[in-house]
Amino acid sequence: MLSDKAKKEIEEIHGRYHSRRSATMAAMQIVQAEGGHLTEADMREIAEIVGVNPVQVQEVGAFYSMYNVERPVGKYHVQVCRNISCSLLGAEHIIETLEKKLNIKTGETTTDKLFTLTTAECLGSCGTAPMMQINDDYYEDLTDAKVGEIIGKLK
Amino acid sequence: MEKMLLNNVDKPNSEKISTYISGGGYKSLEAALKKEPEKLIETVKASGLRGRGGAGFPTGLKWSFIPKDPTLAKYLVCNADEGEPGTFKDRVIIEKDPHLLIEGMIISSYAIGGATSYIYIRGEFVQGTKILEEAIKEAYEKGYLGKNILGSKFSHDMHVHRGFGAYICGEETALLESLEGLRGQPRKKPPFPALAGLYAKPTVINNVETLSCIPAIVSKGADWFKGIGPEKSPGTKLFCVSGHVEKPGTVELPMGTPLREIIYDHCGGIKGGKKIKAIVPGGVSAPILMPSYLDIAMDFDTLAAKKTMLGSGAIVVMDETTCMVKVAYIVNRFFSHESCGKCTPCREGTAWLTQVLKRIEYGKGKKSDIKLLDEVCDNIFGNTFCPLGDGAVMALRGFLHNFRDEFEYHIERKECMV
Numbered sequence: 025m026l027s028d029k030a031k032k033e034i035e036e037i038h039g040r041y042h043s044r045r046s047a048t049m050a051a052m053q054i055v056q057a058e059g060g061h062l063t064e065a066d067m068r069e070i071a072e073i074v075g076v077n078p079v080q081v082q083e084v085g086a087f088y089s090m091y092n093v094e095r096p097v098g099k100y101h102v103q104v105c106r107n108i109s110c111s112l113l114g115a116e117h118i119i120e121t122l123e124k125k126l127n128i129k130t131g132e133t134t135t136d137k138l139f140t141l142t143t144a145e146c147l148g149s150c151g152t153a154p155m156m157q158i159n160d161d162y163y164e165d166l167t168d169a170k171v172g173e174i175i176g177k178l179k
Numbered sequence: 215m216e217k218m219l220l221n222n223v224d225k226p227n228s229e230k231i232s233t234y235i236s237g238g239g240y241k242s243l244e245a246a247l248k249k250e251p252e253k254l255i256e257t258v259k260a261s262g263l264r265g266r267g268g269a270g271f272p273t274g275l276k277w278s279f280i281p282k283d284p285t286l287a288k289y290l291v292c293n294a295d296e297g298e299p300g301t302f303k304d305r306v307i308i309e310k311d312p313h314l315l316i317e318g319m320i321i322s323s324y325a326i327g328g329a330t331s332y333i334y335i336r337g338e339f340v341q342g343t344k345i346l347e348e349a350i351k352e353a354y355e356k357g358y359l360g361k362n363i364l365g366s367k368f369s370h371d372m373h374v375h376r377g378f379g380a381y382i383c384g385e386e387t388a389l390l391e392s393l394e395g396l397r398g399q400p401r402k403k404p405p406f407p408a409l410a411g412l413y414a415k416p417t418v419i420n421n422v423e424t425l426s427c428i429p430a431i432v433s434k435g436a437d438w439f440k441g442i443g444p445e446k447s448p449g450t451k452l453f454c455v456s457g458h459v460e461k462p463g464t465v466e467l468p469m470g471t472p473l474r475e476i477i478y479d480h481c482g483g484i485k486g487g488k489k490i491k492a493i494v495p496g497g498v499s500a501p502i503l504m505p506s507y508l509d510i511a512m513d514f515d516t517l518a519a520k521k522t523m524l525g526s527g528a529i530v531v532m533d534e535t536t537c538m539v540k541v542a543y544i545v546n547r548f549f550s551h552e553s554c555g556k557c558t559p560c561r562e563g564t565a566w567l568t569q570v571l572k573r574i575e576y577g578k579g580k581k582s583d584i585k586l587l588d589e590v591c592d593n594i595f596g597n598t599f600c601p602l603g604d605g606a607v608m609a610l611r612g613f614l615h616n617f618r619d620e621f622e623y624h625i626e627r628k629e630c631m632v
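Chains as they are written, first to last, in the numbering used here: chain A, 25 to 179; chain B, 215 to 632.
Hints are all accurate, no fakes.
Pair by pair, the computed Cβ-Cβ distance ranges are:
#, chain 1, residue 1, chain 2, residue 2, range
1, B, Thr233, A, Ile158, 25 to 31 Å
2, B, Glu534, A, Asp136, 42 to 48 Å
3, B, Pro505, A, Pro96, 45 to 51 Å
4, B, Lys521, A, Glu83, 36 to 42 Å
5, B, Lys572, A, Gly114, 17 to 23 Å
Since the hints were derived computationally from the structure, they do not count as laboratory data.
Glycine included, every Cβ here is placed at the ideal spot set by N, Cα and C.
Let's have the full structure, built from the sequences with the hints guiding it.
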């Protein structure tokens, strides 16, 4: 069930667009922000609100990489950029360091559900490579020591 | 050189409307609203401004395609889906000087007669989204947005729309699909967005940097703008430099500045004094340049003549220790990951290229693999629905053409040449 707060936020968005369907992406973002991921039931409710068939919400969920559809993530979702500029400056090493520190492989979640580690394509922060995003925040100019410090603070 | 894009970014609280106004901000909007919209389009045409997203299409000409019928709803969409690997220039404006963009968008909307505009920002830019939303709120409070702006007859609403992880949405028709709540897959053209864009209504889609040039063009005039840089690619340009340089970052320089000057004078040269090996001149879709091209003028036409492109102005520098097979693999993996799946040559082709590049990189390449890569490239190029597949091929061909020996070495010896 969507929360009343989420429903209210979605209603506020409709005024921005000529068609209700345009609010699909934002509605899904609002719901994901609350629970960390989206379930099929969430998407059915969203479909009803924006006036489309459930499958039309599901296909949006499947297309955009940031929607965690039926894929719970830890409290902290660590995404390390693996594209060109970050790779040139040691992204692979940063990923290895994180795997060791968190004791998981890329794509996994720690048993305490605190961290999920994934890779990401270019996050538009190439001048401060290597970098990672944890939830909403960017962490840039990474070194081993810096990664240790960041993870240590979140643990 | 007088800057027009990065004037405010180093000021404290540069994102606040008070900072922007105290630096002369929103004066261009005041002046623009006193002019006929048609005159503004003429000014932008005369300035020679070309789209900064990558294609370099003349901005004024794009605007002039919008039908004049006042009964038609029209839209302006700012493409802030900055995603071409190596690109981080629009983010500077979004986070540090959002009002420059907003002022540019209000003026542009007035010129084309648009009552509503959207900023389509990539989902990962959470901070940028918050900053833009706050800046739009400030602009409403000051009367630069909303009903009867500055006492004129022009009313305008502006909204932020977040993408959620899809490189393809930087393609303008995929972006429109996404704005309508669909999967971001490109549309068939024609009809072009100027006639049937968002909700099938006339729509202009411009890049963040392009729209941010508008206030200066209005306040200082078309001739002033045209006086900077080469005649056919005038104005200043944001170059974002990353990779093996001492001082990576975004710099604003006249269009046509030599690559050598950008890398060595403005970005401190190659990291650790190493030798330069290759340069991506305009985002990873742009074929790489060899160091022999360091004196090339960085503008649309000069780079196009050398079979590469200025693209988004994203320069990625690689030093002598870089394995080109690995870089080619990383770049191709990206395109395969981001292929939207709509057309077969791109969806299957980029995945196949990645598979072959991966096995070469990991020492399992076959002798026939280079020929196979060439063949798959030939079957993708020119056969895809949108430029993503072509971009993947252009990038890979650049690596294969300039570093074929490294690919052969990798296959034979099962290790890097470097």
